[in-house]
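Given chain R, work out where chain E should sit, using these hints.
Line by line, the protein sequences are chains R and E. In this text, residue positions in the first sequence follow our numbering: the first is 1, and each later residue adds one. In this text, residue positions in the second sequence follow our numbering: the first is 1, and each later residue adds one.
Hints are not guaranteed to be accurate.
[Said to hold, decoys possible] These stretches of chain E come out as covered by chain R in the derived footprint (C-beta under 8 Å, 3 or more residues):
hint, region
1, 51-65
2, 83-92
3, 100-107
4, 166-176
[Claimed, not checked] What follows is a list of derived Cβ distance ranges for each label pair:
hint, chain 1, residue 1, chain 2, residue 2, range
5, R, Ala74, E, Arg69, 33 to 41 Å
6, E, Ser239, R, Lys50, 40 to 48 Å
7, R, Asn126, E, Thr53, 36 to 44 Å
8, E, Glu62, R, Glu229, 53 to 61 Å
9, R, Thr33, E, Gln99, 39 to 47 Å
Derived by calculation from the structure, the hints in this document are not laboratory data. C-beta atoms are modelled at their ideal positions from N, C-alpha and C, and glycine is treated no differently.
Letter by letter, the chains look like this.
2 protein chains.
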Amino acid sequence: MNKAASHQKPTLSIIKIGGNVIDNTEKLATFLTAFCGLPGFKILVHGGGKMATKLSQDMGIEAKMLNGRRVTDAEMLKMVTMVYAGLINKNIVAQLQAQQCNAIGLSGADGNLILAKKRPIQQIKNSETGETENIDFGYVGDLDAQSVHTKNLSVLLNNGFIPVFSAITHNGEGQLLNTNADTIASALAVALSQIYDTSLIYCFEKKGVLRDVDDEQSAISEINPSIFETLQAQNIIHSGMLPKLHNAFEAINNGVKQVFIGHADELHLLHTQQFGTRITI
Amino acid sequence: MNKAASHQKPTLSIIKIGGNVIDNTEKLATFLTAFCGLPGFKILVHGGGKMATKLSQDMGIEAKMLNGRRVTDAEMLKMVTMVYAGLINKNIVAQLQAQQCNAIGLSGADGNLILAKKRPIQQIKNSETGETENIDFGYVGDLDAQSVHTKNLSVLLNNGFIPVFSAITHNGEGQLLNTNADTIASALAVALSQIYDTSLIYCFEKKGVLRDVDDEQSAISEINPSIFETLQAQNIIHSGMLPKLHNAFEAINNGVKQVFIGHADELHLLHTQQFGTRITI
Numbered sequence: 001m002n003k004a005a006s007h008q009k010p011t012l013s014i015i016k017i018g019g020n021v022i023d024n025t026e027k028l029a030t031f032l033t034a035f036c037g038l039p040g041f042k043i044l045v046h047g048g049g050k051m052a053t054k055l056s057q058d059m060g061i062e063a064k065m066l067n068g069r070r071v072t073d074a075e076m077l078k079m080v081t082m083v084y085a086g087l088i089n090k091n092i093v094a095q096l097q098a099q100q101c102n103a104i105g106l107s108g109a110d111g112n113l114i115l116a117k118k119r120p121i122q123q124i125k126n127s128e129t130g131e132t133e134n135i136d137f138g139y140v141g142d143l144d145a146q147s148v149h150t151k152n153l154s155v156l157l158n159n160g161f162i163p164v165f166s167a168i169t170h171n172g173e174g175q176l177l178n179t180n181a182d183t184i185a186s187a188l189a190v191a192l193s194q195i196y197d198t199s200l201i202y203c204f205e206k207k208g209v210l211r212d213v214d215d216e217q218s219a220i221s222e223i224n225p226s227i228f229e230t231l232q233a234q235n236i237i238h239s240g241m242l243p244k245l246h247n248a249f250e251a252i253n254n255g256v257k258q259v260f261i262g263h264a265d266e267l268h269l270l271h272t273q274q275f276g277t278r279i280t281i
Numbered sequence: 001m002n003k004a005a006s007h008q009k010p011t012l013s014i015i016k017i018g019g020n021v022i023d024n025t026e027k028l029a030t031f032l033t034a035f036c037g038l039p040g041f042k043i044l045v046h047g048g049g050k051m052a053t054k055l056s057q058d059m060g061i062e063a064k065m066l067n068g069r070r071v072t073d074a075e076m077l078k079m080v081t082m083v084y085a086g087l088i089n090k091n092i093v094a095q096l097q098a099q100q101c102n103a104i105g106l107s108g109a110d111g112n113l114i115l116a117k118k119r120p121i122q123q124i125k126n127s128e129t130g131e132t133e134n135i136d137f138g139y140v141g142d143l144d145a146q147s148v149h150t151k152n153l154s155v156l157l158n159n160g161f162i163p164v165f166s167a168i169t170h171n172g173e174g175q176l177l178n179t180n181a182d183t184i185a186s187a188l189a190v191a192l193s194q195i196y197d198t199s200l201i202y203c204f205e206k207k208g209v210l211r212d213v214d215d216e217q218s219a220i221s222e223i224n225p226s227i228f229e230t231l232q233a234q235n236i237i238h239s240g241m242l243p244k245l246h247n248a249f250e251a252i253n254n255g256v257k258q259v260f261i262g263h264a265d266e267l268h269l270l271h272t273q274q275f276g277t278r279i280t281i
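Same shape as in the complex, but just chain R (with noise of 0.2 Å):
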């Protein structure tokens, strides 16, 4: 082996899924099975799909929007570490076992591996009134540049297992938060990237950002910065994808090598890099 060779980092791919594929017994097995066929160090981070919302109404607990936003009061935080941590990701790391894949199912505060800060108060003008308001997301973490604990987490990798990480973290007091799950992915990767070299891909179910939302082939091949501020001026790229493209350039613009936006389906393709949009500085 020459120098440049023994100075190679090892290979690491972060894979997100969402609801859409959890929420589908057959497309999450599809997922499940292309994932354990990736090579190299990998790491599963999942949504929680629309089962949170599911049981909570069925047990009368409802969804808090504050101002249009999403909010998480203490019952909620209960469904989501409930459904996020115990359901739904026992049961992938159960699905990935019996594939021979050694998952091991954690949140931010199993072995303090993400560590989160209670979102502050903000204060948001409101869009109807014009007036600013004063919002409390409740039990919503953020995440910084010391959140992710790689030495645990590499300790984990090396030694044979297979995070599958819930969107659920920790703040190192005792509390429980809840956490985006793309921004925890975003953040796993940069962290990591000073370890490995390090793959993001965000699966969700369209094969890409697309050109024309109705059309289902008219995925992007490559977005970078001036492209990204060309499709919003245009109004292509706005709402849900926006905060999913803010990550995707997080990453790539702090040592993450390569993030790829695409369909959970095609996971297979991604060694062929004919798979969804490109994200590239």
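Below, chain E without anything else, positioned relative to chain R:
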């Protein structure tokens, strides 16, 4: 270091807590502080408490009983997975992490750590009718000598993680299973006694096995098989205490160094040996 010393195994304490500790915030906090203070390697195993029962009622899921025995149907399995592996497990982990105790919350599916077999349909004589009935306990897992993945578990222990197990296992084919927490603690202790000098401590709401159930101060200091036989004959040990003692003897007869049954509030007394009831060969 002489040869004998170099062959000494490291010490491991496996502590099981039940519902009465979990349901009481103050008692749980006291217990967790004592747990953090235990020297050597350690593992916590927790049961469920009344929360699963209460939540099931809120959601209209009825606890099914067949011939006086609890049955885990698909809906109840969902519920215990949410409550045990999600809500209770992650809150305990977050509280331990707040005390710099590097807890990692696990089910038996995680890292394939505890592999169970779904309990087969059993023919049981109905005590009232005298007729033999086929009883399907549903998604209940039984353990055997091969259930515990000692290698994966010792990797976690040796890297500074403190496993916190909920009473959920899997069958290796994608199915989660509800498993008795006392049995999990005993199986872990037996399997890990190959590698560690293992103590098994059952914590509950009494100061040990009581000679007189109405006298809190009547804890029996030691029970060996012949004392056990006498106590059973005198009907001093019966019903709920029997399976716990069977698990305790299973452990002490199969390589576990010491086994205690005592009060969760008194865990700090463990090192004085003035703790609860000691089970001996």
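Checked hints:
Counting residues of the region 51-65 of chain E whose beta carbon lies closer than 8 Å to any beta carbon of chain R gives 4, which meets the minimum of three for the stated coverage. For a cut-off of 8 Å, the count of residues in the region 83-92 of chain E with a CB near a CB of chain R stands at 8, and the three-residue condition holds. Only residues whose C-beta sits within less than 8 Å of a C-beta in chain R count toward coverage, and the region 100-107 of chain E has 6 of them, enough to reach three; the restraint holds. Counting residues of the region 166-176 of chain E whose C-beta lies closer than 8 Å to any C-beta of chain R gives 7; at least three are required, and the coverage claim holds.
Roughly 35 Å separates the CB atoms of Ala74/R and Arg69/E, a value that falls within the hinted 33 to 41 Å. Ser239/E and Lys50/R have their C-beta atoms about 43 Å apart, which keeps the hinted 40 to 48 Å range intact. For the pair Asn126/R and Thr53/E, the beta carbons lie near 43 Å from each other, so the given range of 36 to 44 Å is met. At about 58 Å, the beta-carbon gap between Glu62/E and Glu229/R stays in the expected band of 53 to 61 Å.
Thr33/R and Gln99/E have their C-beta atoms about 41 Å apart, which keeps the hinted 39 to 47 Å range intact.
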